[in-house]
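> Below are the chains, spelled out letter by letter.
There are 4 protein chains.
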Amino acid sequence: MAKLYFHYSTMNAGKSTVLLQASYNYRERGMDTYVMTAGFDDRAGTGTVASRIGISSDADTFTSGEDLFAKVEKRLLDGPVACIFIDESQFLEKDQVWQLARVVDDLNVPVMCYGLRVDFRGELFPGSAALLALADEMREVRTICHCGKKATMVVRMGPDGTALKEGAQVQIGGNETYVSLCRRHWRDAVGHQ
Amino acid sequence: MAKLYFHYSTMNAGKSTVLLQASYNYRERGMDTYVMTAGFDDRAGTGTVASRIGISSDADTFTSGEDLFAKVEKRLLDGPVACIFIDESQFLEKDQVWQLARVVDDLNVPVMCYGLRVDFRGELFPGSAALLALADEMREVRTICHCGKKATMVVRMGPDGTALKEGAQVQIGGNETYVSLCRRHWRDAVGHQ
Amino acid sequence: MAKLYFHYSTMNAGKSTVLLQASYNYRERGMDTYVMTAGFDDRAGTGTVASRIGISSDADTFTSGEDLFAKVEKRLLDGPVACIFIDESQFLEKDQVWQLARVVDDLNVPVMCYGLRVDFRGELFPGSAALLALADEMREVRTICHCGKKATMVVRMGPDGTALKEGAQVQIGGNETYVSLCRRHWRDAVGHQ
Amino acid sequence: MAKLYFHYSTMNAGKSTVLLQASYNYRERGMDTYVMTAGFDDRAGTGTVASRIGISSDADTFTSGEDLFAKVEKRLLDGPVACIFIDESQFLEKDQVWQLARVVDDLNVPVMCYGLRVDFRGELFPGSAALLALADEMREVRTICHCGKKATMVVRMGPDGTALKEGAQVQIGGNETYVSLCRRHWRDAVGHQ
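Each protein sequence line maps, in turn, to chains Y, F, V and P.
The opening position of the first sequence corresponds to residue 100 in the numbering used here, with each subsequent residue numbered one higher.
The opening position of the second sequence corresponds to residue 100 in the numbering used here, with each subsequent residue numbered one higher.
The opening position of the third sequence corresponds to residue 100 in the numbering used here, with each subsequent residue numbered one higher.
The opening position of the fourth sequence corresponds to residue 100 in the numbering used here, with each subsequent residue numbered one higher.
No lab work stands behind these hints: they were computed from the structure.
You can trust all of the hints, since none of them are fake.
Copies of the same chain are indistinguishable here, so a pair counts whether it falls within one copy or spans any two.
Simulated crosslink set (DSSO-like; lysine-lysine; CA at most 30 Å straight-line): (1) 170 with 264; (2) 249 with 170; (3) 249 with 102; (4) 264 with 102; (5) 173 with 248; (6) 170 with 248; (7) 102 with 170; (8) 193 with 249; (9) 193 with 173; (10) 249 with 173; (11) 249 with 264; (12) 102 with 173; (13) 170 with 193; (14) 193 with 264.
All chains should be built: construct the whole structure from the sequences, respecting the hints.
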């Protein structure tokens, strides 16, 4: 009985490490996995899941508007898959989350999604909202704020080292950096109430 | 170190029972709790948290537009509160969830919210979306579909016994009934893909 | 795919309430459950699961040396059971926990056990040790110490109001009372290190 | 408010990866950690935490009879520690688990233990029994059986490829291999009931 999992966290908690270890566990037992991550450019299928701790793996990519149920069905023509892993799942579209739910329910393949819960403004990502609504199991990948408390929020730091309060949810190619914080320190940093 | 908790589930899982037992545990130890539930009419402060299994408790109510940080601060003038419990928390407004987060962070009082994750159309409630974004800990209150699998969805049944597919998220005073289902049986019932 | 669950906690957390609500959820859907609790006397089959909050249910009893696999098989002759609930499961014998594991694996009926983790001396109960070794899923039923922290330990108070440090693990018919505490306050009460 | 954590699993689930990632998260934020693993020989302090996926770290070692409270106090003379990590914690002695509980309660340093739940005979390890009794939070590191279900048991395979049923709990320097299985396949492999 397959399930749809959402492993959520803030930035730099080690989500990709958890994904790569779980995929490794299947492959070590001789079972194949199908790993996907978000693709932000035109090159189809050339992605990487990489972890800050020094491990990585090739991955297929999902892109805007793609039908992931059809994509998985096509992949299954090449042979059985014991588990599907989706990195950067905050970038899934709502329809794509439903397509993955149908993979679970109708094709009986477990789908494990890893992604951010909220962006630097404290707002849910679209993919995260859909996963938080539909996931069969939700598990937190934890990390810590500089104060030692659990970090659940993230700030986007501008070039001058101060936290940005507005801007696009996704920023590609900029020179911002992200820092994970507990809610109280996030509120201090962005001046929230 | 107080936290904001979200105990989520679908209908008829026993959320109110869990809330009442947790509040009872505090009071049995001589610590006071502050219980609130959603108020849908004009009578301020006259609410009840009741469980199908046969236990209930008086409760204060929260209503649209109310500042819950101020409401808690006012309540604290009457004496200390060890824990705040919010039933029907899917009806909280986003601002109210932030106000409760500030109760946790700034007043150091734990807040335990109990509510539905999705409505009968499979959409997040506003309060649930905000709690899924901000809660420090999320815990599922489980129940089962007629097939024995975990139920995570709910259908609203019309007077003729068929599942409704559209309508207002909140329906008061109608004669609909709600049935909790697993995702696959929910999809069958509402004709979703 | 059935599982063996262990819902553990210290005294007075509301384990029986959680059990009764879960059993109620099944019965409300028209599925039968089989509820057992520990029997300490000679009267077979006359037990009660009762919660301090004011709800209760009749229950069958399990006793020392009984084969619970055979007992469940016998019960199934009277009709199907969607879930088996065991209260006071700290009193199960190790062999009985294995028998329940076989009920799960071979008869495909889920078994939900509710019990204490440690006794007043901080030692595992035999049934809890076996369940902590074998359970497929472990979930904590939480309660609080008088200091507001989570309670995980319990003291047995003698008639003079001081914590007992030695004695039988199970005391029936005495006039001791039990108080749940966090580990630090338990250590203070019993003079542990 | 520090806590004692027990991350339990069967063999080859990736416990060491989870440990190394968590320690990395602290160090990346400029906070020091203290990593220990079981030492089985006479060379003090020369250990390694290594993961099958290809990451590793030097570690101090704990050995039989050592006072871990004193060991941590000594370490703290060299500077503050934000979190203590213990690999192979199934080999802790019961007294050592209590010493770590005192580190948590009295020195306010969180301690995260990673270890096996049961040995190849299905019996709790001493360290695991003590941690399952005393841990403030228990989290499972999951892996899968060859059948795709969660593995919770482990078999020790002899040189001839059959599962061993008896023998010492700890075997050093032999040429056995370990395979993680679900309970049903473990029972088949070892001929249990």
